[in-house]
Amino acid sequence: MSAPAPSPLAIVDAEPLPRQEKVLTDAALAFVAELHRRFTPRRDELLARRAERRAEIARTSTLDFLPETAAIRADDSWRVAPAPAALNDRRVEITGPTDRKMTINALNSGARVWLADFEDASAPTWENVVLGQANLIDAYSRDIDFTDERTGKSYALRPNEELATVVMRPRGWHLDERHLVDADGTPVPGAFVDFGLYFFHNAQRLLDLGKGPYFYLPKTESHLEARLWNDVFVFAQDYVGIPQGTVRATVLIETITAAYEMEEILYELRDHAAGLNAGRWDYLFSIVKNFRDGGARFVLPDRNAVTMTAPFMRAYTELLVRTCHKRGAHAIGGMAAFIPSRRDAEVNKVAFEKVRADKDREANDGFDGSWVAHPDLVPIAMESFDRVLGDKPNQKDRLREDVRVEAAELIAIDSLDAKPTYNGLVNAVQVGIRYIEAWLRGLGAVAIFNLMEDAATAEISRSQIWQWINAGVEFENGDRATPELARKVAAEELDAIRKEIGEQAFAAGHWQEAHDLLLKVSLDEDYADFLTLPAYQQLKG
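The sequence shown maps to residues 0 to 540 in numbering that gives the first Met the number 0.
Mixed in with the good hints, there may be bad ones.
Unchecked claim - Label-pair ranges, simulated between beta-carbon atoms:
(1) Gly501 x Lys100: 40 to 48 angstroms
(2) Asn476 x Ala446: 50 to 58 angstroms
(3) Ser140 x Gly540: 49 to 57 angstroms
(4) Arg141 x Glu14: 27 to 35 angstroms
Said to hold, decoys possible - Once the Cα atoms are required to be at most 27 angstroms apart in a straight line, the calculated DSS-like pairs of lysine-lysine come out as:
(5) Lys353 x Lys418
(6) Lys498 x Lys519
(7) Lys100 x Lys21
(8) Lys353 x Lys391
(9) Lys418 x Lys498
(10) Lys418 x Lys487
(11) Lys418 x Lys391
(12) Lys498 x Lys487
(13) Lys353 x Lys210
(14) Lys539 x Lys519
(15) Lys418 x Lys539
(16) Lys391 x Lys325
(17) Lys391 x Lys519
(18) Lys100 x Lys539
(19) Lys210 x Lys391
(20) Lys391 x Lys21
These aren't lab readings, by the way, just hints derived from the structure by calculation. These numbers were taken from a predicted model, which means no experiment stands behind them. Cβ atoms here follow ideal geometry from the backbone N, Cα and C, with glycine treated the same way.
All chains should be modelled from the sequences, with the hints used to inform the complete structure.
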């Protein structure tokens with residue numbers, strides 16, 4: 000290791016965990032400390048820049064492609080680095096947290112890629128943060144057999160050549176890790192904890208397995224944030240002594256500002272870029288957050304009415320495919336979140352047809368792969384992409400030069416012929432309370448009403464409640480969106496949950512806390528940038 004050992008980090012307010020010694024080594028923490036020392040000041044500047052840009056959007060109610068980077072967009076000569084063999088075929092990717100059972104099932108799922116998630120599908124308890132890392136270390140050393148105590152069922156990895164390639168997602172720039180602080184007591188950004196521990200322990204091990212340290216980058220809002228990640232990658236590769244360009248990163252285009260900087264984001268990461276991904280719920284959340292002062296034309300209808308065929312969503316996805324293929328990068332489609340029912344074959348039949356239609360559309364539009372939330376959906380998505388790709392690993396040669404997207408099309412929310420409904424309000428409250436309650440128990444990926452929900456779900460739910468109230472929306476039944484109506488619906492949902500699960504289970508959960516937190520972030524005049532920031536203060540562990 001070429002870098003001198005920096006001041007050690009302190010672990011605070013955390014009980015010792017089994018197997019933590021393989022993760023929280025002195026050398027690994029020294030690496031995380033060096034990332035923190037070098038790069039956190041820039042992270043802080045970029046977070047301040049987000050606030051400035053949001054203020055500008057509030058003033059103008061518009062966005063445009065950046066004039067200062069026009070030369071990058073106009074230069075047809077540059078491409079991202081060629082994909083490594085392990086990431087060349089990404090036709091189906093499964094997502095999920097890094098608990099032990101999920102780790103085995105995801106790697107065995109038949110998907111080409113597993114998004115191992117330390118972000119929206121994982122509540123950041125210290126146990127989830129540390130033991131999730133231990134599970135990945137164990138998986139790469141094939142030391143991860145698991146028996147479910149409840150069912151007695153045993154789980155073990157298939158042969159290496161049958162396992163999904165791991166693409167790990169660290170936390171976004173805005174989240175800190177309160178259990179790891181520097182000598183001044185300043186928390187280390189969660190992104191550096193997650194990336195640093197994973198990279199330090201596994202980069203060389205992955206190379207030895209014929210793969211590499213691959214990452215999904217969440218919540219990126221500008222090409223300058225991508226530049227910071229690129230500088231982190233350059234430093235990290237030198238630090239552990241692996242070749243430059245070994246790291247590969249796929250950026251989630253899940254903020255409206257990033258949608259206007261897709262080419263610039265790929266350019267900043269071009270030696271390390273693997274592709275871009277279309278992340279639906281966070282994208283809608285970002286639209287509400289940024290254009291919440293913009294009046295009636297920016298009011299979104301019920302979240303389930305905003306399909307990927309909505310004109311402004313279609314503009315976003317088609318621009319993403321064209322941008323990626325123009326630059327030699329993979330374009331990865333959105334999530335199929337359906338969770339199959341073990342009791343209702345008819346529900347499954349209808350849902351599977353919707354999933355098949357969605358994946359057919361993505362494959363026909365030029366995407367190189369797509370996401371699913373459950374192993375049962377892997378064959379459905381695989382069939383859609385197999386039909387289009389055949390034996391080809393991807394369709395990056397399909398340049399989509401027919402696509403022309405104007406800046407205004409990306410924010411033409413009023414091009415969608417749908418309005419908010421009372422049932423949409425009820426659903427937002429139901430899902431919000433049920434998800435937040437599970438999150439406060441340490442669960443980040445939760446099945447609710449046959450859909451796999453994560454933190455992005457709760458964000459769009461509370462954002463829509465906030466937006467509809469502040470816009471004075473009148474629903475089809477004559478009710479107007481008001482704080483009083485939201486409180487009434489939330490109280491009814493809390494009573495319904497109590498009757499559904501019984502007094503004992505209700506008392507053992509975090510239902511009142513979840514109810515109160517949802518109403519706080521939905522009704523406060525001062526809109527919280529991220530629900531997970533106040534929620535983290537209430538998360539135990």
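What's the verdict on lysine 210 and lysine 391, does the C-alpha distance respect the 27 angstroms limit or exceed it? holds (20 angstroms)
Do the Cβ positions of asparagine 476 and alanine 446 conform to the proposed distance bound of 50 to 58 angstroms? violated (29 angstroms)
Checking one constraint from the list: CA of lysine 418 to CA of lysine 487, max 27 angstroms. Satisfied? holds (21 angstroms)
Checking one constraint from the list: CA of lysine 418 to CA of lysine 539, max 27 angstroms. Satisfied? Outside the cut-off at roughly 38 angstroms; violated.
When you check the alpha-carbon spacing of lysine 100 and lysine 21, does it fall within 27 angstroms? The hint holds at about 19 angstroms.
What's the verdict on lysine 353 and lysine 418, does the C-alpha distance respect the 27 angstroms limit or exceed it? Given pair lysine 353, lysine 418 holds - Cα atoms ~22 angstroms apart, limit 27 angstroms.
What's the verdict on lysine 353 and lysine 391, does the C-alpha distance respect the 27 angstroms limit or exceed it? Roughly 25 angstroms separates the two Cα atoms, so the pair holds.
Quick check on a hinted range of 40 to 48 angstroms for glycine 501 and lysine 100, using CB atoms only. violated (26 angstroms)
Taken at face value, is the distance from the CA of lysine 498 to the CA of lysine 418 at most 27 angstroms? violated (32 angstroms)
Within 27 angstroms, alpha carbon to alpha carbon, are lysine 100 and lysine 539? Given that 27 angstroms is the threshold and the Cα spacing comes to 22 angstroms, the pair holds.
Going straight from one Cα to the other, do lysine 391 and lysine 21 come out at no more than 27 angstroms? violated (40 angstroms)
For the range 27 to 35 angstroms, tell me whether the beta carbons of arginine 141 and glutamate 14 fit it or not. Between arginine 141 and glutamate 14, where Cβ atoms are some 29 angstroms apart, the hint holds.
Going down the numbered hints, you'll see the structure goes against 1, 2, 3, 9, 11, 13, 15, 17, 20, while the others check out.
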